[in-house]
Structure formats: structure tokens, C-alpha cells
Amino acid sequence: MGGLHIFGLSHSYGSHKVLDNVGLMIPAGELVCMLGPSGCGKSTLLRLAGGLEKVQDGTVVINGVTVGDSKIHLNPEHRHIGLMFQDYALFPHLNIIENVTFGLFGMTSVKAHARAMQMLDQVSMTSHKDKYPHMLSGGQQQRVALARALAPEPKLLLLDEPFSGLDTNMRQKIREETLNVLKQSGVATLMVTHDPEEAMFMADRIKVMGSNGRILQAGRPHEIYYHPRHELVAKLFGMMNMFKGVVADGRVETPLGSVATDLDDGEQAQVLVRPEGVIIEANGNGRGSLVEVTSSHLLGHDNIVRVRLNKGEGDELYVRVHHTFEVELKKNLTVRIDPEYAFVFPFEEELKLTKMDKPELNEAQVSAAAAE
Amino acid sequence: MTAAQATGNRVIGAMKVSLSWLNGWTIGTVFISMLALMPIAAVIFLSFTPTDDIWSHLTETVLPLYVSTTLMLMVGVGFGTLIIGVGTAWLVSMFRFPGKRIFEWALILPMAMPAYVIAYLYTDVLEYAGPVQGLLRDLFGWTTKRDYWFPEIRSLGGAISMMTLVLYPYVYLLSRAAFMEQSICVVDASRALGRGPYQSFFLVSFPLARPAIIIGVSLVLMETLNDFGTVDFFAVSTFTLGIYDVWLNMNNIAGAAQLATVLLIFVMVLVFAERYARRKKRYYHTTTTYKALPKYLLEGKMKAVAFVACALPIIFGFLFPAGILVGYSFIHYETAMNAEFLGNALNSFILSSVAAVLAVAIGVFMAYGVRLRNERLLKIMARLASLGYAVPGSVLAVGVMVTLGAIDNGIDGFMLDSFGISTGLLFSGTIAAVTFGYLVRFLALSFGSVEASLEKVTPHMDGASRSLGHGAFSTLRKVHLPLIRGSILTASMLVFVDCMKELPLTVILRPFNFNTLATFVHQYASDEQLGEASLAALSIVGFGILPVIVLSLAITKSRPGSRLGEQV
Chain R
221 MGGLHIFGLS HSYGSHKVLD NVGLMIPAGE LVCMLGPSGC GKSTLLRLAG
271 GLEKVQDGTV VINGVTVGDS KIHLNPEHRH IGLMFQDYAL FPHLNIIENV
321 TFGLFGMTSV KAHARAMQML DQVSMTSHKD KYPHMLSGGQ QQRVALARAL
371 APEPKLLLLD EPFSGLDTNM RQKIREETLN VLKQSGVATL MVTHDPEEAM
421 FMADRIKVMG SNGRILQAGR PHEIYYHPRH ELVAKLFGMM NMFKGVVADG
471 RVETPLGSVA TDLDDGEQAQ VLVRPEGVII EANGNGRGSL VEVTSSHLLG
521 HDNIVRVRLN KGEGDELYVR VHHTFEVELK KNLTVRIDPE YAFVFPFEEE
571 LKLTKMDKPE LNEAQVSAAA AE
Chain P
653 MTAAQATGNR VIGAMKVSLS WLNGWTIGTV FISMLALMPI AAVIFLSFTP
703 TDDIWSHLTE TVLPLYVSTT LMLMVGVGFG TLIIGVGTAW LVSMFRFPGK
753 RIFEWALILP MAMPAYVIAY LYTDVLEYAG PVQGLLRDLF GWTTKRDYWF
803 PEIRSLGGAI SMMTLVLYPY VYLLSRAAFM EQSICVVDAS RALGRGPYQS
853 FFLVSFPLAR PAIIIGVSLV LMETLNDFGT VDFFAVSTFT LGIYDVWLNM
903 NNIAGAAQLA TVLLIFVMVL VFAERYARRK KRYYHTTTTY KALPKYLLEG
953 KMKAVAFVAC ALPIIFGFLF PAGILVGYSF IHYETAMNAE FLGNALNSFI
1003 LSSVAAVLAV AIGVFMAYGV RLRNERLLKI MARLASLGYA VPGSVLAVGV
1053 MVTLGAIDNG IDGFMLDSFG ISTGLLFSGT IAAVTFGYLV RFLALSFGSV
1103 EASLEKVTPH MDGASRSLGH GAFSTLRKVH LPLIRGSILT ASMLVFVDCM
1153 KELPLTVILR PFNFNTLATF VHQYASDEQL GEASLAALSI VGFGILPVIV
1203 LSLAITKSRP GSRLGEQV
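Protein chains in written order, with this note's numbering: chain R, 221 to 592; chain P, 653 to 1220.
Rather than coming from a laboratory, the hints here were simulated on the basis of the structure.
There could be a bad hint or two in this list.
[To be verified] The calculated lysine-lysine pairs, modelled on DSS-like cross-linking and capped at a C-alpha distance of 25 Å, are:
#, chain 1, residue 1, chain 2, residue 2
1, R, 349, P, 1130
2, P, 1108, R, 351
3, P, 1031, R, 274
4, R, 331, P, 1130
5, P, 1108, R, 274
6, R, 351, P, 1130
7, R, 274, R, 237
8, R, 331, R, 403
9, R, 375, P, 1130
10, R, 291, R, 237
11, R, 291, R, 375
12, R, 349, R, 331
Modelling step: build the complete structure from the supplied sequences, incorporating the hints.
And the structure:
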């Protein structure tokens, strides 16, 4: 069995538990993303997989060999892994080709050079081979780091926030390139990030981690987005509209209509609705609730609109609408819920305190979003 | 054997190797730390051994004198260096006046002068038979000592002056760095609130620089306690001199150890003050954006005052004594340039080189070991091992003597019991003892420099290298050493130069009839034969210039916000 297997991994720093019975399996060729807030144990998981830290409890198996448990510790240099950091960690005293050949030993230098050039070719960096890291842009450094990590043909590639050092425009391009290179190499990849969009884009599967060190949900990106099984998972992707209610006849009533749920009748529940899950209509022939627009911000391909229920008397809602929809001109606007974007969870007060919880949308966030 | 088994065996083999390597770093670090701590421990242990009731004898006779003299010396040198160091640092970092750019680096020149060397020089110039008093007598027609008053250079005041003149650069460097780190914004804010430049200095700049100044003064006072040459020559009864006296003249090693332990209490206070200030320093940064300090242009009389204030310490701390030294070397070249001088120079050179190389190698080993293991125990051990820098050379000498004596006796006893061979004294009174002393005293210098520059290498470099298949040692060799090469060179140079200058340890621990340049200068100068020793003294100053040049270059290149002076 190839790739990475992790069983029952737990880890603490003093009394602070950062990993709690975490399991993971990444077959060769697959990319799994650990998604979680900063400070949760996701980076620790990566360090444990890479052998940068010793396992306290649990087992790490790479390519069928147990490389770490409470007794065994195989140093990173014996694990056949690739490791890539946010700051790329290129060796500043070595030029690009020397950086890439750094992990290629036990072969003739001619062979090592050929292999390095092949890798640099894959990331389109051959023309820079004699330059030094400081002469390259962030994106170029990232490519070299990828080439260097993949050159020795590792069984497992570990990526620690690999794109967060890049600016927004560059990031998208480099992500696509990286994904291509990874798919070609067929290496098992574990990536750690706090950026949900990045995880959605890169991962075959996502594992969402809470600040308590537990896996909250695992699944394909589609599942994570459309079928969050945890309040915090639902809130990962930003602004949410929330309604409180009590379950009755398998449904929860909201001002925008009722939503079906599996929760027991009589239970306190909260309904979370994504801004794109609020359908806003002009002349909605009486189906939804009447609202009044309080503000509207064009973000690019869509608008984020704030509306107030009950003709401007009630709660405020956040609605994402296509940019062609010119709210200001519309009268008699109504809103209703698209059930696909509405999620019902039990209402628990203490969960509000966890780090994963994004605060309810406020003025500053809307203007920040508008500014982007 | 199946492929899987083969893989398994290979893996287990690799694992064993890697584990033993890690243990090697740990065991090595702990072992070195223990070795470095032994002399200090030995001194303390020995002082608790009751001997002939020397303690009450000491308390009745010399102890009060040692305590009061040492305290007065510390207070004098502390205030002297504080005023000169902070004052000149403030002038060059806040104002524009003629010569400022030269003063900025020239003010550290006196660092190259060992206190004992300028003590000999000034004595030669200022004593009764010297040219200054001679000139005064000629001018005013005085004939005897009773006709006029002239300050006695060979006194406590003289010792304070000598040490102040060569030690103020520590305070200057650290406070200048602190002033440069202060954003002009805070000074501007103070000016905008209606305070003038002088008020702003006392209300804002000085309080903000306080932790750095405390560090500087603590270092100065550690050097003051360490001094042997000056106080010996001036016959100022400090602890350091007392230890030497009780040990070598009264032949009472336990008494020496007891005095040394009292001195260690002084040292501890300084170490704590220094550590405390270093911790506090972090909180004194009010802003993260630095703007070059716009220099206030000084006009008229103030311009001259600033110029003189900066020029005097350089003239008296370096130019004048160095000039005299060069002059003497020319005059006495024939007598000074002989086989003895060359032999001593060679001794100094070899001894200092060996100590520098060893100190840096050990420093690298320990700093990397601490980095690899990142364990509390190792960090504490390494810290303790670098305590030696604060311990005066005379105290360390006692400790080294005792430690090596015990080791020698142990080996001798063991060999005698097992093989019937007496090995006698293997280490005591040898060059190995001197080298050991140097290492204990200067390990902090190399360890500190290496550790500081290793800290600047991100741990991701380790991760990248290790994941690419390189082990701990290979990573050190291929990644870290090339990256920290500069500071390794600096560290070796610092240790080398400090060993060249070192006097108290060398005097006490050296083998019979073995001289270094420093002990040679001490011996001849004490006999008022400065001419013969001038070339040797000049050589010491010449080597001492090396780190000063490096620091000067760093100063001329440094910008506001850089952390120059931290490594002092």
C-alpha cells in the first residue's frame, strides 16, 4: 500500500491538545487538504508526517513502512518525502540548479544534473538555473521549491501553506501549474492551509479540522460546501445568515420560509443560509418576504446586498446576487431561501466561542469584501 | 530475503544511526556544559571546605578593604563609562557637527587597548620621573615632590580613569544602537509637545535606551572585576588582586576560593542585571517603522563643545597612548626585537589560535545541538556553560587549577592502582590548562555569536534539507555552516583577540617560564622596563584593532533599526 496512512494520531503541547485521534489515508496520486484555522494542529500533523517532530501517540505509515509511532522515530532524511514551506526555504547560498540537485545523491552528478533539469523544465525554470534564489520572484521561487521537492521522486509530498506567500493574481496561476505537476508525478500529497478556496481548488479530498484538534468533517470539496455536517464547516466559507428556531414537524421556520431537518422536534436549532442561498426577486408574486435594500456593493461578478426584512423594520440579511441585477431600481423586492444553501444545526451556545466561528457579518467585513 | 524485509532492515539500520546521532549531540552538549561548569563549581565547593579558620582571619583583615575598594572601583568605572559612553552616543546619533562621521566609528578605538597597557603607559608619562612632571618642574622651578601637588596615577582614581578610558566603548556601542533603534517619531512627538532637544533626551531617549545602557554598564563592570594587570600594577586592593595574593603569596588555595566565591556574588548581581535588561529590552520598541534620525545641526559654541567631548575620549583612550607606544617601539626596537619577543609572540599566536578554533567548534556543536533537540534541559545547560564570560579570570584560574588537579589525581590514582604506573600531573601547569581556562572563559563569545546567527536561519531550511535526504550532520555542513560563515569568522576573531589580551588566567595557569605577549608585557612593565615590552604591547594593541575595524565597518554601514551592538 502506497502513500500516507495515519492512525489515531494525538499530540499535545503541555496541556494543550492540538491533535485528537486524527486518522488519514492518502493513496498515491491523491491530494488531501487539511483545512483549519491557524493554531489548530494541522501544521503539527504535517510535521509529524514529515518526521520533524516525534509522534506522541498514534502511527504514521509511509509507503507501507511504519516511520513513526510512540516508540519508532525515523528521521526526515530517511522517509523519502518532499517538503515545501510557505517561505519556500530555498538555500540562499546555492544557485537554482544546486538547490534542485541537493536531494539527488547516490547517483552520478551527470544523472543528478539531468534529473534536475528535467524537473526545472516541468516548472519552466530551466533558463534561471544559474541564478540565486534572491534574484527570483515569489512565484519563481515557489516553482523551484516544487521542483526541488519532487526531484528525488518522494513517495509523499507535504505542502505547508504553499501559496500564501504569493499575491492574488499569481496565486491562481501557480496553483494550476502546481496541480498539473503533482498530477503528472503521481505523488501522494498532504497539503495544509487555512484558505478554504485554496483547499476547494486543489484538493481531491478535504479534511476540516477544528481548533480542538479533531477532524470536523472529511469529504470531497463538493460535500464540504454543499453538505456541511458541522456548523463551523458551514461557516468556513464566509458570511452566513443565521436564524434561530425550534424544530416542529421536521422543519424549522425562518422569516424566509421553512427548512427541512433531521433534528428531533422541539430541539433548539439554527438555520445557516449562504448569501447566495437567499434568492431575491422583484415582484416575487407574494412567495417570499418583503424587504428593503440598505446597501449594495459590487464585488465584480456579483453584488453583495444588505436588506432588511419587514419593509426595513426587521433583521438584516446578506444576499449575493449577479452583478446584472440592479437592486436600486427594483421595487417590492422579496426574498426566499434556496434550500441547497441552507443548513440546519443544533443550536449550542458554547460553540460560538471556538476560533473557527466567524463573527456575524458586520459593516467592516462588507466594506472589506467590497474593496477586494 | 524478500524486498519488503530488505526495506525493513534498511529502515531499521537507518533509524539506529539517526537515533545515535541525536544522542551524540545531546550527550556532547551536556558533557561540555559540565566540563565548563566544573571550575566554577569547584571554587564554590572548595570555599565551603573549612581550613585553618582563614575565613575569620580574612574578615578581620583584608576582606573589608577588598569589598570597599572593589565597590568604589565599580562605582567609579560605572559612572565614568556611563557618562562618556551615553554622552558621546547621544551626540553622534542626534546632532550634526564637524567630525561626527569619523567620531561615530573612532569612538570605539579605545576597545583595542587593554587597560593594563594604558596603565603602564600613563604611569610612565605621569609619574614623578616622567616627562609631564619633569616639564612642570622646569617651568615653575619646583625641585622636590613637596613643592607641588600632582595627582598620583598609581591609585584607585588612576585605576578608575584607566578602565573608564578603555571600557566606555561598550556603553557607547550599546546606547548608540539603542538611540538608532528609536524611531524619530517619539522624539518628534516629544518636541511637538513642547520639550526641547535636551529635555527630550532626558524624558524620552534616555529612558527608552535604559535597558541597553544597563547591559553596557554590566559588561563594563564584569570587565572591571576581571581586570588584574591594572590593579596589580597600581597596587589597588581589589578582590581579583586579593585572590592572587592569598593564593600565590600566602599559598592558601581554600582562602583564595573563599574570596573568589564572594566575588562570584558580585558577578551574579551583574549577570542578573544584564539578563533582566535584555528581557526588558524587547518591550521598549514603541514603533516598528524607523526613520533616519534627522540630525540637529549644532551652532557656534555648542559645535565646539560636542567636538571636544567626542575627541577627548579618543585622544586619551587611544591616540595618545598608541602614539607613545609606537614611539617607544621605534626607540627600543633594537632591544625589544629579540628571540624572546618572537617566541612569546609565537606562543600567544598558537595558544590564541588553538583556543579560537576549539571555542568556535564547540560553540557550533552546542548551538546546533540545542537547535536540533530544542529541549529545555539542553538550553539551560548551554546557558550555564556560557556563564564563564562573567566570571573573572582569577576566579576561573582557581577553579581550573582545582578541577585539573582533581582529574590528574584521579587518573594517577587509577593508573597506580591498576597498572602500578604513576602518571603524575598530566594537565596541571601545562598549556592545556591555559587553553581550558580560555575555553571556559570565552565559550560564551563563540556560542553566543553562533547561536544568534543560527537563529536567523529559518527552521524550514532544516526541514527542507532533512526531507531531501540529508542527515543532521550533513545538513550542518551543507546548509548551516555556509550560511553562518561570516559570524563564525567574527567569533573566531573575537575569541582570538581576547585570548591575546588575556592576563589573569594566563599568569596563574601558565607553565613555569612560559610567557605570552600579555604576561611578558605585564612582567616587564611591572619592573618599569616598558621600553623592552613596547613591541609586545604594540602587537597586542595591533591585534586588538581587528575586531574594532570590523565593528567600525558595521557602524558606518548600519542604518536605523538595525541591531548593531547586540553581539557585544
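Hint-by-hint comparison with the structure:
{"no.": "1", "hint": "R:349 <-> P:1130", "result": "holds, 19 Å"}
{"no.": "2", "hint": "P:1108 <-> R:351", "result": "holds, 23 Å"}
{"no.": "3", "hint": "P:1031 <-> R:274", "result": "holds, 19 Å"}
{"no.": "4", "hint": "R:331 <-> P:1130", "result": "holds, 20 Å"}
{"no.": "5", "hint": "P:1108 <-> R:274", "result": "holds, 24 Å"}
{"no.": "6", "hint": "R:351 <-> P:1130", "result": "holds, 19 Å"}
{"no.": "7", "hint": "R:274 <-> R:237", "result": "holds, 15 Å"}
{"no.": "8", "hint": "R:331 <-> R:403", "result": "holds, 24 Å"}
{"no.": "9", "hint": "R:375 <-> P:1130", "result": "holds, 24 Å"}
{"no.": "10", "hint": "R:291 <-> R:237", "result": "holds, 20 Å"}
{"no.": "11", "hint": "R:291 <-> R:375", "result": "holds, 23 Å"}
{"no.": "12", "hint": "R:349 <-> R:331", "result": "holds, 16 Å"}
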